[in-house]
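Protein chains: 4
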Amino acid sequence: MKAFIYDGPGKTALEDRPKPEITAPTDAIVRITKTTICGTDLHIIKGDVPSCEPGRILGHEGVGIIDSVGPAVTSFKKGDHVLISCISACGKCDYCRRQMYSHCTTGGWILGHRIDGTQAEYVRTPHADLSLYHIPKGSDEEALVMLSDILPTGFECGVLNGKVSPGSVVAIVGAGPIGLAALLTAQFYAPGQIIMIDLDDNRLEVAKTFGATATVNSADGKAVKAVMDLTDKRGADCVIEAVGIPATFALCQELVSPGGIIANIGVHGAKVDLHLETLWDRNIAITTRLVDTATIPMLLKTVVARKIDPTRLITHHFALTDILAAYETFGNAAKTKALKVIISA
Amino acid sequence: MKAFIYDGPGKTALEDRPKPEITAPTDAIVRITKTTICGTDLHIIKGDVPSCEPGRILGHEGVGIIDSVGPAVTSFKKGDHVLISCISACGKCDYCRRQMYSHCTTGGWILGHRIDGTQAEYVRTPHADLSLYHIPKGSDEEALVMLSDILPTGFECGVLNGKVSPGSVVAIVGAGPIGLAALLTAQFYAPGQIIMIDLDDNRLEVAKTFGATATVNSADGKAVKAVMDLTDKRGADCVIEAVGIPATFALCQELVSPGGIIANIGVHGAKVDLHLETLWDRNIAITTRLVDTATIPMLLKTVVARKIDPTRLITHHFALTDILAAYETFGNAAKTKALKVIISA
Amino acid sequence: MKAFIYDGPGKTALEDRPKPEITAPTDAIVRITKTTICGTDLHIIKGDVPSCEPGRILGHEGVGIIDSVGPAVTSFKKGDHVLISCISACGKCDYCRRQMYSHCTTGGWILGHRIDGTQAEYVRTPHADLSLYHIPKGSDEEALVMLSDILPTGFECGVLNGKVSPGSVVAIVGAGPIGLAALLTAQFYAPGQIIMIDLDDNRLEVAKTFGATATVNSADGKAVKAVMDLTDKRGADCVIEAVGIPATFALCQELVSPGGIIANIGVHGAKVDLHLETLWDRNIAITTRLVDTATIPMLLKTVVARKIDPTRLITHHFALTDILAAYETFGNAAKTKALKVIISA
Amino acid sequence: MKAFIYDGPGKTALEDRPKPEITAPTDAIVRITKTTICGTDLHIIKGDVPSCEPGRILGHEGVGIIDSVGPAVTSFKKGDHVLISCISACGKCDYCRRQMYSHCTTGGWILGHRIDGTQAEYVRTPHADLSLYHIPKGSDEEALVMLSDILPTGFECGVLNGKVSPGSVVAIVGAGPIGLAALLTAQFYAPGQIIMIDLDDNRLEVAKTFGATATVNSADGKAVKAVMDLTDKRGADCVIEAVGIPATFALCQELVSPGGIIANIGVHGAKVDLHLETLWDRNIAITTRLVDTATIPMLLKTVVARKIDPTRLITHHFALTDILAAYETFGNAAKTKALKVIISA
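Chains as they are written, first to last, in the working numbering: chain P, 1 to 345; chain H, 1 to 345; chain S, 1 to 345; chain C, 1 to 345.
If we strip away everything but chain P, and leave its shape as in the complex, we get (with noise of 0.2 Å):
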């Protein structure tokens, strides 16, 4: 089968490689239908990940139909249409007991990390019965791939952990693909005002249009005063990181009032300074998150029932075989505006 492979910093093939198969009574192998691109991609393809060795097929997002099923698999069967979870899980260990699956001894981030993953024909996903989700009739895959990674990570580490609520101000900072997830799943909660900010006025208008109700793009510095300014001098209840570097950290941390969270969804490659000295007295919350996908199921009720339409989020289409070019255009948004790109296997 085709399959877009990692080999060492800076190098990828798209390659020929044999059909996985099953290897434990509790997986399945699911024939890639519709598969996508992660920022992790990139920051796996630059050298950052070292945990992803080299050979391995890369992708943890997808939608496909099963293939074949482990004989201990009961909730699924060949010819099943399934969405797949960035995450896998066991179900059984004390961390998947209390939904955090991203932690799962046995399983969380593996796919397209330390075992194969699903920019290829077929995958084998282990642990299948609590890593995969059926697929409503009449739903649109393309909706749902959405669904494998970005929406729940937007929703869990940002919009839950953020506790979002009715009238309460959000901030977010970063109106990437990620940034967008979060701003589309805060309106879950009917939030009085959400604040986007970036430096890319093209991200700040697609903002708008997905429901910001103000944008400010911050590469002037002023954009705690802007923020201040729409707020009472109060600051947000409820701030979303979504870049991931120290610049955006501390930008929250001026951003968010008394009493409010930061809810971290950014990837850090880096300490931060952490201003205890004037935050320790403010009553704030700081979270952080790798997404556990444990809220797939509530997120399939809502796209069903048209509360949230996940294909805005859809800027691209590509075939496996042109992957190559999908990642050229993924990999330069700025230039392409892409935000999620569709692979079609």
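There may be inaccurate statements among the hints.
Since the list gives no way to pick one copy over another, a pair counts as held whenever it fits inside one copy or between any two copies.
Distance condition first, Cα-Cα at most 27 Å in a straight line; then the derived DSSO-like pairs of lysine-lysine [stated by the list, open to error]:
#1 LYS233 <-> LYS137
#2 LYS307 <-> LYS233
#3 LYS137 <-> LYS77
#4 LYS77 <-> LYS233
#5 LYS208 <-> LYS137
Calculated directly from the structure, the hints in this document are not laboratory data.
With the hints as your guide, set chains H, S and C onto chain P.
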């Protein structure tokens, strides 16, 4: 001043009364600009509320202008435009400290009940600092009359107690003004389904335009089957009782799914059967609540942010001098299709 | 092997039965070392539980040694020392994912009910990975028999649902083994008062030694006054119903304070009166729950840390061959003063 | 009257001052019977708190007798025996309504800081109704001095924010008075382990007698290994920072388990490093809080119920005329082994 008086069971009158005066340092006198009629007012007039004595000026909802304040009032001054909560709260007692204002030891629901109310040209409001709310500039005064009682009641007793959440199934039994207030505010949480149940097809039609995803006329005794058919035989995660009679409470017990909640709003005049022989092992909760109006600040923000339009509940307008006609219209809702009526003083 | 059989209403027998065998890949066979009798077993024998068919081996509590496991069991192996939950959980269905194991679509309370149970030399336990628990080295095996059902039942259905908190007032109606289990586990949260109510002075004496701060014999019909006198006329923040008849549930409704919770544990055989005409405006909650045993891991930690001594519930010991005598003793608790009896297989 | 004055960095004096007078209708004047010294007082004297101006009477803790009340005070009268909260709360502002009294717009921590405090014969307490508490008859006055600040601080900022729960693992970094207050109140929730970490063996010995299950002297730089060895390499569910310097906050980040919480109590004077490069995917929370003292009513109940004995924190006694000696003793805790000192006025 003109005031509408309860004069004993079945008797009312529009009378001249002296303008009220400050009697405690925490009082305010408010000149009423708009008020409305509540179902509870009809109960009082029928004689169902013996704690309300003849001679009482009715009404516990309204907006107006501060005429004067007592010396201990710090948040308001003459001329301020204010919303009046139906609940008076001292802010000091054990109940007030945990925002259970309904049980304030020197307040609670007293307006138009144990002390004179708002269906008059002026009203004395005790505990003004915690019982009045500044009206934001540019707000629609009539919309805010709905925040005195009906919207917080639907929201607190129904939606919050019922823990409505994204994608969940909500069933509301009773499509009168309170049930419709629950319907409007349930949508703050993006539920997947809101099923409205009533005997009156007109109200069910209104419910559809207000956002119900399905409606069921329960006249044929088949409401349980209808809801089960809509929910894959699971029932509703949240069932809101908005009528207050044994038959509707019985229906709620059949509609709730395992793990679900029955949130009672209805004012009950008689005991009901609770079928613990079937419910003891179903992991459900039943909640009751007299509205605390603790969410008025949150609701004000959602109105300002246009997340909700409370004026949709308003069907008729009257002058205070025509309040007898207003009662006639409101009391014959089946015929007049009245929801809430606005009375201008 | 020896096994204790329900043979239809009023009929039981200690019989020879074939040793059970693995029938699903997720099964385990456990050699029972200790088991016990539950009030529910008495109900089955009376004929009150028609879903339990004649010929069934009774018992849903116990500890033992793994004899064999199916090929999909990954957490246990032959020779492991294990605690058996009274609830079987697949870990995959919607209910299991939210730790509502009691409603597992292929499990729940089935042991000694819909499939053969633990009052035998061996038992087949389905869904072994989520229904068995490793016994920590050095633990007292008899103490852990109390974690199969009775302690999680008192804790989850009574204490957790009742939201017992530091300084709060708890009233427990019923001082049988379940009420006493609630009493023991309520003390995890440092309530200010725990008032125990029963008709049996012996059990009330036991309650005092278990930590009750006051006891009330309700035989004189003055229990409400007694509790009000103990609580400055406020009533209890948390009322735990641990009997299961209309009279005790009626008492709970009179004991609960505004804002309080009635947490039902009792197994009810008939409907009860719910006095919504007085409770509709008191901001209370009523909860029901079949134990999920989701807290067994937490309870195991509290036993290891000596925060609780479950052996205090054990009053008698028998051999499996004397199980008829054990039932006789447990069934005549008023005379024998039995709480829980240990049966060694 | 006698009063202890801050007179600029490094300067203090015991002076004669006029007795304070009611200046607002919500004020009370309290005759102090017992007060104490807080670590914050030492910071003020060093000059670390520029918002405290020279000439200020210090002290924000104490108990006493009401001498007079303003006309709007309704909960207290001359002669009442009262506990003084270190936080003044109006009960009306947005922060007070959600019990975030620390951020009261006209109160918060002002006593002995922005207005004259309790280390004197009399003190004026603003917002008396929400800032004083009736002392139950028969209570130990000295025990209750610990409820003005230190016990609610350890409890709210450490134990509640840290979500200590039955069977869980708690690590407390810093065994000074605040860390010990957290240790005492953590036991309300029956954690399985409480590991106390400090550099001072004497304080660690005290911690053991107060209920620590293990102690670690971190002087050898091996505290992380010690805690991991005690917790099966998992770390602590709740880590409480009770020192306030970069080194201790760094340690906390290494001790917290995935899914755990770092609850900061320490008053920090400088920024700290936050290692988001390792924590971003560990699903943790970091909380900060200035004590709200919203739990004083709850703590009073636990003292009355003898669930906690606050007098264990008291090591020395002085008369107000000897307050300079009291400061000397408290300021040299390493040598004097002082925890809290009681000063009788």
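Here is how each hint holds up against the structure:
1. LYS233 <-> LYS137: between (48 Å within a copy, 18 Å between copies)
2. LYS307 <-> LYS233: Between copies, since 22 Å is at most 27 Å while 32 Å is not.
3. LYS137 <-> LYS77: within (16 Å within a copy, 41 Å between copies)
4. LYS77 <-> LYS233: Between copies only: 23 Å across chains, 56 Å inside a chain, cut-off 27 Å.
5. LYS208 <-> LYS137: Result: close only across copies, 25 Å inter versus 32 Å intra.
Consistency note: the structure conflicts with none of the earlier hints.
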